[in-house]
Every structure is written in structure tokens, then in C-alpha cells.
Amino acid sequence: MSETTTSESEFLVEMRDVHIEGRSDEVWNPIINGVDLTLKRGEVLGLIGESGAGKSTMGLAAMGFCRDGVRIASGSVHFDGIDLLTASAETKRHLLGKRIAYVAQSAAASFNPAHKLIDQHTEAPVQHGVADKSESEVDGIELYRRLRLPNPDEIGFRYPHQVSGGQLQRAMTAMAMSCRPDLIIFDEPTTALDVTTQIEVLASIRDIVEQFNTAAIYITHDLAVVAQMADRIKVLLKGDEVEEADTRTMLSNPQEDYTKSLWAVREFQRPTKPAPPSDATPVISVQNVTAAYGKIDVLHDVSFDIHEGRTVAVVGESGSGKSTAARCITGLLPPRMGQIELDGEPLPPDYRKRNKEQLRQVQMIYQMADTALNPRKTIGEIVGRPVQFYMGLTGRKRRDRVAELLEEIELPAGQYIDRLPSELSGGQKQRIGIARALAAEPKFIICDEVTSALDQLVAEGILRLLAKLQDELKLSYMFITHDLATVKSIADEVVVMKDGEVVEQGPKLEMFKPPHHAYTDLLLSSVPEMDPDWLSNLLAERGVENIGDAAVEKMD
Amino acid sequence: MSGFLTLVVVLGLIAAGGWLFRLIGQKATNNKPFFRDMSYAVAFGYVLAAAVLVFAIWYYFQPVANEQGVANAGVIFFRWAVQGLIFFAILAWLFRLLGRTVGTAWSKKQFRSMPLTAAFGILMILVYAFLAIFAGVLAPYGQEEIFQQVNALPGGNAATGGNPDHLLGTDQIGRDLLSRLIYGAQNTVGIAFATTLLAFFLGGSLGFLAATMRGWFDQFLSRGVDVLMAIPSLIFALLLMTIAQVWAPRTGIPLTVFMVVIIAVIDSTRVFRLARAVGMNIVVMDYIEAAKLRGEGLSYLIFKEILPNATAPLLAEFGLRFCFVFLTIASLSFLGVGIQPPLADWGTMVRDLAQFINFAAFSPLTAALPLMAAGAIALLTVAVNFVVDWMLHRSSGLKE
Chain A
1 MSETTTSESE
11 FLVEMRDVHI
21 EGRSDEVWNP
31 IINGVDLTLK
41 RGEVLGLIGE
51 SGAGKSTMGL
61 AAMGFCRDGV
71 RIASGSVHFD
81 GIDLLTASAE
91 TKRHLLGKRI
101 AYVAQSAAAS
111 FNPAHKLIDQ
121 HTEAPVQHGV
131 ADKSESEVDG
141 IELYRRLRLP
151 NPDEIGFRYP
161 HQVSGGQLQR
171 AMTAMAMSCR
181 PDLIIFDEPT
191 TALDVTTQIE
201 VLASIRDIVE
211 QFNTAAIYIT
221 HDLAVVAQMA
231 DRIKVLLKGD
241 EVEEADTRTM
251 LSNPQEDYTK
261 SLWAVREFQR
271 PTKPAPPSDA
281 TPVISVQNVT
291 AAYGKIDVLH
301 DVSFDIHEGR
311 TVAVVGESGS
321 GKSTAARCIT
331 GLLPPRMGQI
341 ELDGEPLPPD
351 YRKRNKEQLR
361 QVQMIYQMAD
371 TALNPRKTIG
381 EIVGRPVQFY
391 MGLTGRKRRD
401 RVAELLEEIE
411 LPAGQYIDRL
421 PSELSGGQKQ
431 RIGIARALAA
441 EPKFIICDEV
451 TSALDQLVAE
461 GILRLLAKLQ
471 DELKLSYMFI
481 THDLATVKSI
491 ADEVVVMKDG
501 EVVEQGPKLE
511 MFKPPHHAYT
521 DLLLSSVPEM
531 DPDWLSNLLA
541 ERGVENIGDA
551 AVEKMD
Chain B
1 MSGFLTLVVV
11 LGLIAAGGWL
21 FRLIGQKATN
31 NKPFFRDMSY
41 AVAFGYVLAA
51 AVLVFAIWYY
61 FQPVANEQGV
71 ANAGVIFFRW
81 AVQGLIFFAI
91 LAWLFRLLGR
101 TVGTAWSKKQ
111 FRSMPLTAAF
121 GILMILVYAF
131 LAIFAGVLAP
141 YGQEEIFQQV
151 NALPGGNAAT
161 GGNPDHLLGT
171 DQIGRDLLSR
181 LIYGAQNTVG
191 IAFATTLLAF
201 FLGGSLGFLA
211 ATMRGWFDQF
221 LSRGVDVLMA
231 IPSLIFALLL
241 MTIAQVWAPR
251 TGIPLTVFMV
261 VIIAVIDSTR
271 VFRLARAVGM
281 NIVVMDYIEA
291 AKLRGEGLSY
301 LIFKEILPNA
311 TAPLLAEFGL
321 RFCFVFLTIA
331 SLSFLGVGIQ
341 PPLADWGTMV
351 RDLAQFINFA
361 AFSPLTAALP
371 LMAAGAIALL
381 TVAVNFVVDW
391 MLHRSSGLKE
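Chains as they are written, first to last, in our numbering: chain A, 1 to 556; chain B, 1 to 400.
Any given hint could be a false lead.
[To be verified] Chain B side only, calculated, beta carbon under 8 Å to chain A, not exhaustive: (1) Phe-35; (2) Ser-222; (3) Asp-226; (4) Ala-230; (5) Arg-250; (6) Ala-290; (7) Leu-293; (8) Arg-294; (9) Gly-295.
Simulated from the structure, these hints should not be mistaken for lab results.
Positions of the beta carbon are idealized from the N, C-alpha and C atoms, including for glycine.
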């Protein structure tokens, strides 16, 4: 097989009928069931699917690589006519890093914190004999410039922790480019970034891939992102290919039901509620709160009200003080000035001084369901504890109440009550988090980025559940998010925060209509849309200097 | 030819052999990935291992005595070691086989994924526990009983200076060594186990408390622990034991109790550090925050939320700590301040019989006397470490 060198083959990467298996519990379980993948030179292929669909596994297999405990059971992987599955370690060493490069999801975790960026950048070219160290450094600085990193001449001489997340992601792209590879595999390179940062990274990745005519496999679960980046899109579901088509066809005319359902996700919208009467007492009222970590103020004079049965979305980038505001309400961070009222009564600033009744009324649902549920306790114990603690129910009654709560979050109690969190999927865990909050029978729930770690279909299910519960139980939500699509679908009112201050607030409809505050406008414009021309249009309209962090800096 | 030159020549041969081995492997298997991607260092390792194996086999079949009838102690001990290794390996394999066929579904699964070393470790721990618990029934004589014949050799053969009544011989004042060895399991292992439990109770609860409370309480405890840890532990234990020796008769409390408390306190500092570090990682989790916001008390947080998540590292530490405590007791006894005679103790037995090791060249059986107690200590330490290694490996979630 390996002798059939077809360097004139039209495909750079050719994977045929690939089967991949992973080992767990002493058996090999299929991860990929016979998927074909082909990629021409200079082409960008988008791989999308939910988590567990096998996107990353497929991307790594294109390099002839498998993670520990995973194997390519059958099929063939050819890169430029070289059979990667039978190639010797020697041959692969010459390919990987030099002709095939990989950009990981978390640049912060992938850089070695003990070395400067430029030293890590020059490692591959020097190792592969492409360039010597000084040439490679000059080239690195040139790449940083092309990727529009601030201070391209100096930034490489910093350590990874001295550079922001978006900049690191771009530095990593530069590193992948250092040997001018024929193929780059991007594994969710923008998933961990804020929208305004994401757009900058997207623009620079697209630019540089075009400039050097590099082929790329772009793995993501975000359809709007893949629409900007890819020439063709392949949809995966549980290790099977659903369909593949070029981007425009795929967006305008998806064939399969699954693809259509993915496309329809962003259409969930709640009917607008009437404004609360002006004399109503808000459930939670945040009044002129200023709070500090140590001596540095992180919240400045923040005020907003949350009324019964309504959802207030608090929007902003990471570091804008959204979560800090939530910590002030829960009492984890007593504010330095100002106060928080529950039903018109001021709450003690420190949660330790609040009584059981006050603690019960304010509940929280966390972003990472993995860390929010004790991994050593069964679902019955996790949900049962607040039932016992607040309501004093024990034994049979407690179990009945837990079963009732599980029915409410649409998980059959008989099947789930004795499971551990590790035996649930991400969406199910998040539902347990909701059940635990509901068990206290609160008036007010803080939802801290509850959907941002979930796939879009699952996230939509969670949003619908939260909406249903709100209507049934007259709950009030404080919905912390950076995703404006979520805001559009669920919020009644919006509070936009930046650098610990409220920039703008008001009913949703007003907020999504111009004129906006400059920052709100930037946030809104940075949300990718399902239009393959969106990024190009935006860049043409605003220019590269007026998007992302560069624009935020100009505002100050 | 001098020894040095021989070594150089042998190493050179092995180096060439490694290169040849890889080349022949590549040719013979038509470039199978195993040989194709083999680095030279790995090939060298294979040949070196083969050479060592050949040497071991050659040495094993050397005569046990030379023409003059003088015993070749090295060969004898080597044979014993090899036979012991094979015997224990077979025993462990059989034990694992048993575990795979008998028991609950859960235990069967554990035994299926268990390496041989862990099976050996578990078997040994079970054997020691059995001996310690039933020492009074199993031992042929009492630990303090004194017999006529002193310094009887092990083997029970009267012709070579043994006594069929005392299978492992007797010590200088005529106590049966087999009985003392078995009682030693009860004394040494039992006291070490109690000490380790106490150390974990102290260190673990204070460590979790420090992790949860933080602030001045944490500072106070941590700095106190730093001070205790700054003093070399064995010297510190010796010092305190010397003081305790004066106090023990005055207060009427047995010296052993003092020893348990002293070693437990010294070792609890290590446990404190681990528990605090593990606890700190757990305390920042969202589920702890959720429990705090629910209004839960400190004891619920520590015992219901933190402890279940810290069991894996603590259990692993328990195994290691047990070995250290055990060795500390043995060394204290060896130095004369530990478990006091007439109680049988392995550390004291090693000290009392140590001079017999000098007779190894003439009578390997005599030299085996102190080695039995030392071997009992070594075997348990190795066994516990095998089990701990296996548990650490499992809790780290590594595959292969």
C-alpha cells in the first residue's frame, strides 16, 4: 500500500472508511464508524457535531495519531500519498510539526509555561531544519504582525501567562504556521474565548490560511463560526457522517433532519412579557453596590432590579464583573458599599449572617455541572439534601419529593435516582443542578453561564426547561451569560456590564434596537451569524482595527 | 584479565548485540512496526536484559560448596531468593485466579484488571493480618517461654545444630524464634496500625479543618506543623521517647502508649499537609460553595462533602505512612527505646541476632536468623507498596 505514491493525487488528505475504537471497561467501543474524509490543497473543511460525535478523534486521526486507549481499527489515512497508518515513526516525525500542524482548544494549557513564546515558536523549524533560530525568530515576528498581535516585536519574548487568552490562541496559530505546513488542524480554537476576542482570532486565522494557501480542518460545535471559516462542512453524529456539502449549500439547503435541527436551534424565542407594575416590590434589588477583592474595586455602583417571574440577563465579557455581582447577591462577597434587598427587606451582606429562610430564597445554578455536583454522591442524595435541610423531610417523604423534582426536570426518577453524576451526560448533569436549586423552593435563581458548556441542542433543551419552570413556579432568574443568542431567546430585561460598571440596561426589545451604547453595539456586532459572508461584510464595513479587543481599547 | 577490562568487553559485546538484534529483527520480520520503530536504546535494553538473565541462570547452577566442602553462601542465598520469587509469583497468580472466579461481580472485576504485584500485595497483607490476629493460636509456644537449647539453628535438623521442636531455631536465651516471629506480627504490625490510624485521625481532621476555615486558624496550625517537621523525625522521636521512659513508670502508663502517641503526632504532620492540600483543591469546587450557601455546618462540609472525595489520595498515603510508621517502630526498637522485651518485636529481633550475619560464609543457615525478621519487615513493606501503587494508578485514571 505504502508504495503507491500518488503525489499527483488531487487530495492532500484522503481518509477512507475509517473505524476508530476506544477502550473502556475492558471492551473496545466504536467511536467512529467508517467515515470518509478528503481534503484538497488549500481547502478548509469544517467538522461539526455535538460533543462525543468524534470530531476531535477524527481530526487527530488525520495526523495518523490516536489518544491513549484509542486505536484506528480499520480504514486508511493518506497524507499526500503517504500512508500514515503504516508509516514508520521516522517518517511521521518528519511530517508532524513540519507539514501537518495542530492548534489545540486551550492555548493556555498547551503552551509550556516555563518558556518564552518565541522559544517555543522556533523549536519546530529548528528541529526540522527548516530555518535556523534567528531566521525563525524574524519569521515569527512577521507572523505575529500578520496575525495582528499587539507589539509584534516584543510579544514573543513574554511568557505565556503574561499574554491574554485570545493573543495566546493567535500565537499558537503563528506557531503552527512556523514551518508553513500543508495542513493545519484547528480543534475548537475559539470556543474558550469571548465573542469580541473570538472575532479577532477568527479574522486572523482566516486571513493567514488564505495567504499561505494552507489546507485546514476546522473542528467546532458552533455553526455560525464554521460558516465563516470553511469551504465545505461535514456534519458528524455519534461517529457517523450525517452529510457533507459546501458551506453555502449546507446552510441554505440542509438535507438531513439532524442537520436541520442543528440549524433551527437558534430559533427558540419566548413571548415578551408585559412590564411589571411600577409600584411592585422587586424580588431582588441590587442598590448601588460597590465591591472589592482585597483593595481593588471590581464593581462600581451597580444597581438593578429583578421582578417576580422575570428574567434579567447580565451580559458582558469575562472580567466585566457579572459573576462578582452574583457573588454579592449570594453573600459570598460582602459588598463594600450599597445593599441588596430581598422582597424589600435588606439582606445581611455576609451569607454566614443570613438565616435559613433567606438562604433558601436565593439559589444558584453553576456553569460547570461537573464541579457543581459532588462526584461521590448519588443524584438522590444531591437533590435530597436541600429537601431534608430546608423542608425537614426524611425517609419515604424525602424520596417522593426527590422523585417529584426529577419528574419536573424531565428525568425519570426510577432510572436516575441512584446514579452518580459521572454516569450522566452534560445536559443531564445541568438538569440535576436545576433540580437541586428547585428543591429549596426558592423565589430567585442565579443562572451562571448555565448553557455555555453545553452543545447547542442540549443548551436549547435547558433553556426551554428553565422557561417552563419559570412560568409554572413564578421564579425570577438572574441569567449571567456572554452569549447574546441566549439573551435573545430567554431574557426579559438586559443589563450590559463592562469593567465592573453597568453600561446600559433596559427591556430586551429596546436593547436589541439601535441606538446602542458603543460597547453594546460592539458586543452585538461580534456575535457570528449563520451567513458565510458575515465576517467578510463586517470586516469590510468596520475595518480590522474596529473589531474585537482593539475596538474595546479604543473606547477607553 | 582484570575485572574492569572484562566489564568493558562485555558492555561492548552487548552494545554490538543490541544493534545486531534490531537489524536481524527488522530483516526477519520484514520490517514489522515493533522492530522498525525501535530505538537503539530499547534494543540495547533488550540485549542487556537477556545477558543478565543468562548470567543469573549460570550463577543459579553453580555448586553450593567448593571442593573443600566450604559452603558458597552467595549461591545459596541467590537460590533462596530465586526460589522465593518464583514461589511467591505462583502464589500470587493462584490467588488472583481464585479472586477472578470467586466473589461478587465487583471483586471479580477488580481482580481481572489487577497486576500480579497487587495480587501478591493483597495476599501478603491478608496473611500478615491472619497471623497477627490468630498469633496466640498459631504460635507453637509463648513469646516469653525460654527453653534449654540456646542458639539452635533453623531447619530443625539435629545433625546441623538444629532442634526438631524449634523449626526456626532459638535465640541467645533460648526463646522459640518461630513463635516470636508470629507474635512479632501481632505486636509490631498491630502497634503500627494503631499508630497510623491515630496519625490519620489527627492529621486528616485538622488538615481538612484548616483547608475549610483558612485564615489565622490555618496559619496557626500550618506554622506549628512546619516547626514540628523542621526537626528530624527519628531524632525527635528518640528524644521524646527518652523523656517518656522517665515518665512512664511514674504515671503508670505503659511506654508503648507513649510511643504510639509520639509517633502518631510526628507522622500526623505529614498527613496534615496532604489532607490540607487535597482539601484545598476540593474546597474551591462549586458543590462546596453550594453547600456553604445552603447554610451547612462545618462537620457536614468536612465529613459529607470533602472526605468522600479525598479518600483515594488519603488511602494511598495511608499505605505509605503505615510502612514508614512500621519502619520507625522497628528502628526505635532496634535502638532499644521501642517495644520493650519480653514482647516479641521484629526490630529487636534483628538487633539481637545481627551478629550472626558474620557467619554467612561458614553457615548460611545461621546467617538466615536475623534475615528472617528483617525479611518479615521487608516483605510487608513491599506488599503494602505494591497495593498502594496499584491504587494510585487506578485513582489517577491512567490507562496502560
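For each hint, the structure was consulted:
no.: 1; hint: Phe-35; in the structure: 10 Å, violated
no.: 2; hint: Ser-222; in the structure: 21 Å, violated
no.: 3; hint: Asp-226; in the structure: 25 Å, violated
no.: 4; hint: Ala-230; in the structure: 30 Å, violated
no.: 5; hint: Arg-250; in the structure: 47 Å, violated
no.: 6; hint: Ala-290; in the structure: 6 Å, holds
no.: 7; hint: Leu-293; in the structure: 6 Å, holds
no.: 8; hint: Arg-294; in the structure: 6 Å, holds
no.: 9; hint: Gly-295; in the structure: 5 Å, holds
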